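Chemist: Chain by chain, the residues:
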Amino acid sequence: MSKTRTIKVGHLARVEGEGALYVTVKGTRVEEVRLEIFEPPRFFEAFLRGRAFDEVPDITARICGICPVAYQMSAVHALEDALGIRVDGALRELRRLLYCGEWIESHMLHIVMLHAPDFLGYEDAIRMAKDHPSEVDRGLGLKKAGNDIIRILGGREIHPVNVRVGGFYRAPRRADLVPLVDTLEGAREQALETVRWVSTFPMPDFEQDYEFVALRHPSEYPFNEGRLVSNKGLDIAVRDYDEHFAEEHVAHSNALQSVLAGRGAYFAGPMARYSLNFDRLSPLAQQAARTANLPPVCRNPFQSIVVRAVEVVYAVDEALRIIAAYEPPEQSAVHAEIREGSGWSCTEAPRGLLYHRYRLDADGAIADAKIVPPTSQNQKAIEDDLRRFVEGHLHLSKEMLTVRCEQAIRNYDPCISCATHFLRLELDRQE
Amino acid sequence: MMPRSLVVGAGNVFRRDDGVGPAIARRLRGALSCDVLVHERDFVALIDDWQSLDTVVVIDATSSGSAPGTVWQYEAHCRPLPSTFSRSSTHACGLAEAIELARVLGRLPARLVVYGIEGRDFTQGEGLSPEVDAAIDEVVRRVTEEVGTHA
Chain A
582 MSKTRTIKVG HLARVEGEGA LYVTVKGTRV EEVRLEIFEP PRFFEAFLRG RAFDEVPDIT
642 ARICGICPVA YQMSAVHALE DALGIRVDGA LRELRRLLYC GEWIESHMLH IVMLHAPDFL
702 GYEDAIRMAK DHPSEVDRGL GLKKAGNDII RILGGREIHP VNVRVGGFYR APRRADLVPL
762 VDTLEGAREQ ALETVRWVST FPMPDFEQDY EFVALRHPSE YPFNEGRLVS NKGLDIAVRD
822 YDEHFAEEHV AHSNALQSVL AGRGAYFAGP MARYSLNFDR LSPLAQQAAR TANLPPVCRN
882 PFQSIVVRAV EVVYAVDEAL RIIAAYEPPE QSAVHAEIRE GSGWSCTEAP RGLLYHRYRL
942 DADGAIADAK IVPPTSQNQK AIEDDLRRFV EGHLHLSKEM LTVRCEQAIR NYDPCISCAT
1002 HFLRLELDRQ E
Chain B
1494 MMPRSLVVGA GNVFRRDDGV GPAIARRLRG ALSCDVLVHE RDFVALIDDW QSLDTVVVID
1554 ATSSGSAPGT VWQYEAHCRP LPSTFSRSST HACGLAEAIE LARVLGRLPA RLVVYGIEGR
1614 DFTQGEGLSP EVDAAIDEVV RRVTEEVGTH A
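So the sequence lines, in the order shown, correspond to chains A and B.
If you're matching positions, the first sequence starts at 582 in my numbering and goes up one per residue.
If you're matching positions, the second sequence starts at 1494 in my numbering and goes up one per residue.
Hints are computed from structural coordinates only; laboratory data are not their basis.
Keep in mind the model is a prediction, meaning the values are calculated, not measured.
In this text, a Cβ means the ideal position worked out from N, Cα and C, and glycines have one as well.
Among the clues, some could well be false.
[What the hints assert, rightly or not] Which bits of chain A does chain B cover? Going by a derived footprint, with three or more residues having C-beta under 8 Å, they are:
#: 1; region: 685-698
#: 2; region: 703-709
[What the hints assert, rightly or not] Estimated spans, in silico, between C-beta atoms of each pair:
#: 3; chain 1: B; residue 1: D1528; chain 2: A; residue 2: T872; range: 41 to 47 Å
#: 4; chain 1: A; residue 1: E704; chain 2: B; residue 2: G1523; range: 40 to 46 Å
#: 5; chain 1: B; residue 1: P1573; chain 2: A; residue 2: E980; range: 40 to 46 Å
#: 6; chain 1: A; residue 1: Y750; chain 2: B; residue 2: G1641; range: 46 to 52 Å
#: 7; chain 1: A; residue 1: L977; chain 2: B; residue 2: Q1566; range: 56 to 62 Å
#: 8; chain 1: A; residue 1: E908; chain 2: B; residue 2: D1630; range: 34 to 40 Å
#: 9; chain 1: A; residue 1: D949; chain 2: B; residue 2: D1626; range: 32 to 38 Å
#: 10; chain 1: B; residue 1: P1623; chain 2: A; residue 2: L865; range: 52 to 58 Å
#: 11; chain 1: A; residue 1: A842; chain 2: B; residue 2: E1624; range: 57 to 63 Å
#: 12; chain 1: A; residue 1: E824; chain 2: B; residue 2: D1626; range: 24 to 30 Å
#: 13; chain 1: A; residue 1: E824; chain 2: B; residue 2: C1571; range: 41 to 47 Å
#: 14; chain 1: B; residue 1: P1573; chain 2: A; residue 2: L977; range: 28 to 34 Å
[What the hints assert, rightly or not] Cβ-to-Cβ under 8 Å is the rule here; a few derived chain B residues that face chain A:
#: 15; residue: E1533
#: 16; residue: D1535
#: 17; residue: A1538
#: 18; residue: L1594
#: 19; residue: L1598
#: 20; residue: Q1617
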């Protein structure tokens, strides 16, 4: 005789977007895991068709309220590829600096407001802040340092409007960036303290044999450039993305799930970046990882909160390096002749790879656009994690198992607003 | 010293009626003596500077099931917002959560007034429903009085 119990826990408040998770358990086996994402199908890809190429950075910046810089960066690099221009020197460095701001801001939001409450047993950050006000204040202060970079460089904080194909509308003077130095030096200390703080959190024992995919650059920790590599043999140019990655439509989701063709799920995001690029981190960030007992290759997704904190140390460090060496460029943008063509780009959004591909008409209008956000890339890996995690933790109470499932989803910092709004979790346990 | 005020129109212009906050902010920009911002991003960023302000006015869309175009007004420095503000927002942290966080951390401005305009359509796309568009004049008038009174 089989007994069915359904647990409804309302929407998953600390994941952005619209969606639901269904887990069906029969005896000791997980029968089914379905992460449903109600993505209004490809609104922006259709919206972009026919628009002038130079409108694209501002339009795509509005796809995600959390990572507008990532959308701009993938857009301009793909369009520059199509137009056959290359942005180097100070302009290239400024783009890295802008990305540092977004990583700091987005990672700190996730660490303090969204993920830490899971580890410390609070329903939300507001309740956590009552008991840990100084840690939350420190996190928000650090986050503000990221906002400051974006405001000064991006033109305004709301969504950066200073980025354009070829560079910037206006390049900052040295004097514009100098006020950031004091802020960032303070932020560096706060970032190190944050690494120490999150490294004391209780970590579920859950290592998995993932295929990590991230950008890899000859000398830098990756933001905007590099080859797409994995720990299982993938090593391709970004323009070959479509030959190696496929998007599968799954019946339960409006969103498309990305897979590595012939191989299946893969893992993108901070833990993949870190594990494939530990040697490219700054010495201080490497030291912070060692102090936190974080191995150079990390396979426990719950430790992604520590990895994010280490990446914040790196981003602050890198921002300080860029500002110290900054000499304004002679021109704020590289000129591009309009031509017909196609271009590809992957950049490292805070939560993982963000792929853009555009085809331009001879008059510079968008003929075709393809955008694959990090959450789509990780969706299959999230489902796989939940299946294995639930199977290994059926001894937990229903309430605790539900809390842990939410925590496991948040390991990926899924920004479902790129794709969606509220996530609802239903655990159907058949005994 | 002059009292400091800030008006914020919150929302995403690509989510139809969610764009009513930004639409009102655009109307108010230049007409008021204080700063007027459009805010499409997480509200946690918004609370950074609240402590130094006397009056903050936030305008956002709501989705409570009431008649589209209904205008709500809340004195948020006194009490939490109703839960419709955490549900209706497509932003990183809902407005209600950001306000409660500011309250816990002692970062609320002296006066925090929130206007909610009930939306009908939050699907992806541009443009406001007629009922929502019709509510704009009323909110513009009330915010102008609010900031005029307190700034």
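Chemist: Against this structure, judge whether each hint is valid.
Modeler: Structure-based check of each hint:
1. 685-698: Contact hint for the region 685-698 of chain A vs chain B: holds, 3 residues under 8 Å.
2. 703-709: Coverage by chain B holds for the region 703-709 of chain A (3 residues, Cβ < 8 Å).
3. B:D1528 with A:T872: 41 to 47 Å: 42 Å, holds
4. A:E704 with B:G1523: 40 to 46 Å: Roughly 42 Å apart at Cβ, these two residues keep to the hinted range, so it holds.
5. B:P1573 with A:E980: 40 to 46 Å: Since P1573 (chain B) and E980 (chain A) have Cβ atoms about 25 Å apart, the given range 40 to 46 Å is violated.
6. A:Y750 with B:G1641: 46 to 52 Å: 35 Å, violated
7. A:L977 with B:Q1566: 56 to 62 Å: 45 Å, violated
8. A:E908 with B:D1630: 34 to 40 Å: Given range 34 to 40 Å: violated, Cβ gap about 51 Å.
9. A:D949 with B:D1626: 32 to 38 Å: About 34 Å separates the Cβ atoms of D949 (chain A) and D1626 (chain B), which means 32 to 38 Å holds.
10. B:P1623 with A:L865: 52 to 58 Å: With Cβ atoms ~57 Å apart, the hint holds.
11. A:A842 with B:E1624: 57 to 63 Å: At roughly 49 Å between Cβ atoms, E1624 (chain B) and A842 (chain A) fall outside 57 to 63 Å, so the hint is violated.
12. A:E824 with B:D1626: 24 to 30 Å: 47 Å, violated
13. A:E824 with B:C1571: 41 to 47 Å: About 60 Å separates the Cβ atoms of E824 (chain A) and C1571 (chain B), which means 41 to 47 Å is violated.
14. B:P1573 with A:L977: 28 to 34 Å: 32 Å, holds
15. E1533: Holds: closest Cβ of chain A sits about 5 Å from E1533 (chain B), inside 8 Å.
16. D1535: 6 Å, holds
17. A1538: Holds - the Cβ of A1538 (chain B) comes within 8 Å of chain A, reaching about 5 Å at its closest.
18. L1594: This hint holds: L1594 (chain B) lies near chain A, its Cβ roughly 5 Å from the closest one there, short of 8 Å.
19. L1598: 6 Å, holds
20. Q1617: 4 Å, holds
Hint compliance for this structure: hints 5, 6, 7, 8, 11, 12, 13 are broken, all remaining hints hold.
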